[in-house]
Amino acid sequence: MPQKEKVELDNGMNKIGGIMLLILFFSLIGGYFVTNSYEYISRKYKEFNEYSFEGEVYDKKEDQKGGGANVARYLHLKTGIIHRVNISKYYDVQIGDYVYKPAKSDTVYYIVKKKDTIKAMENSYLKDYLKTMSK
313 MPQKEKVELD NGMNKIGGIM LLILFFSLIG GYFVTNSYEY ISRKYKEFNE YSFEGEVYDK
373 KEDQKGGGAN VARYLHLKTG IIHRVNISKY YDVQIGDYVY KPAKSDTVYY IVKKKDTIKA
433 MENSYLKDYL KTMSK
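The opening position of the sequence shown corresponds to residue 313 in my numbering, with each subsequent residue numbered one higher.
Quick caveat, the hints were computed from the structure, so don't treat them as lab data.
Since the structure is predicted, the reported quantities are computational estimates derived from the model, not experimental observations.
For each residue, glycine too, the CB sits at the ideal point set by N, CA and C.
Just to be clear, a hint being listed does not mean it is correct.
[Stated by the list, open to error] FRET-style restraints, in silico, Cβ to Cβ:
#, residue 1, residue 2, range
1, 423, 330, 56 to 66 Å
2, 412, 349, 23 to 33 Å
3, 328, 408, 52 to 62 Å
4, 391, 326, 55 to 65 Å
5, 340, 441, 17 to 27 Å
6, 417, 444, 36 to 46 Å
7, 327, 368, 57 to 67 Å
8, 444, 364, 25 to 35 Å
9, 412, 342, 17 to 27 Å
10, 351, 390, 27 to 37 Å
11, 358, 399, 47 to 57 Å
12, 403, 324, 49 to 59 Å
Construct the complete structure from the given sequences, taking the supplied hints into account.
Given below as structure tokens:
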């Protein structure tokens, strides 16, 4: 391949690379604004708030992909629901315990056999975030 063709090929590749970087940059900026928009967070909060579930825990799983504190922990309920919980609830709730979340509520009840019922406010951070965004 002659030297002139190599230079033209390199220039063409540099232009394509620059265009791809711009597309990636603007996609990331757009994604940031979409996921942090009031409408998006409001929709996510309302989805969880209006959702209800209940069932007996038959399995517990940890997804080790996140590593450390970012490990996702799930309770599998006999009704087919897979509910993500934080680390303290994961170790408090055992197989055979019962989980209940009424519709139009942020509260999830963990009915533990060996202890009292654990009442947890879930998604309160979204509710607080929406309050601060509306001010």
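Here is what the structure says about each hint:
1. 423 to 330: 56 to 66 Å: holds, 58 Å
2. 412 to 349: 23 to 33 Å: holds, 32 Å
3. 328 to 408: 52 to 62 Å: holds, 58 Å
4. 391 to 326: 55 to 65 Å: holds, 56 Å
5. 340 to 441: 17 to 27 Å: Cβ of residue 340 to Cβ of residue 441: about 21 Å, so the range 17 to 27 Å holds.
6. 417 to 444: 36 to 46 Å: 22 Å Cβ-Cβ, so the 36 to 46 Å window is violated.
7. 327 to 368: 57 to 67 Å: At 60 Å between Cβs, range holds.
8. 444 to 364: 25 to 35 Å: holds, 27 Å
9. 412 to 342: 17 to 27 Å: Since the Cβ atoms of residue 412 and residue 342 sit about 39 Å apart, the hinted range of 17 to 27 Å is violated.
10. 351 to 390: 27 to 37 Å: Holds: the Cβ-Cβ distance is about 35 Å, inside 27 to 37 Å.
11. 358 to 399: 47 to 57 Å: Taking Cβ atoms as reference, residue 358 and residue 399 lie about 27 Å apart, which means the hint is violated.
12. 403 to 324: 49 to 59 Å: holds, 57 Å
Violated hints, listed in ascending order, are 6, 9 and 11; each of the other numbered hints is respected by the structure.
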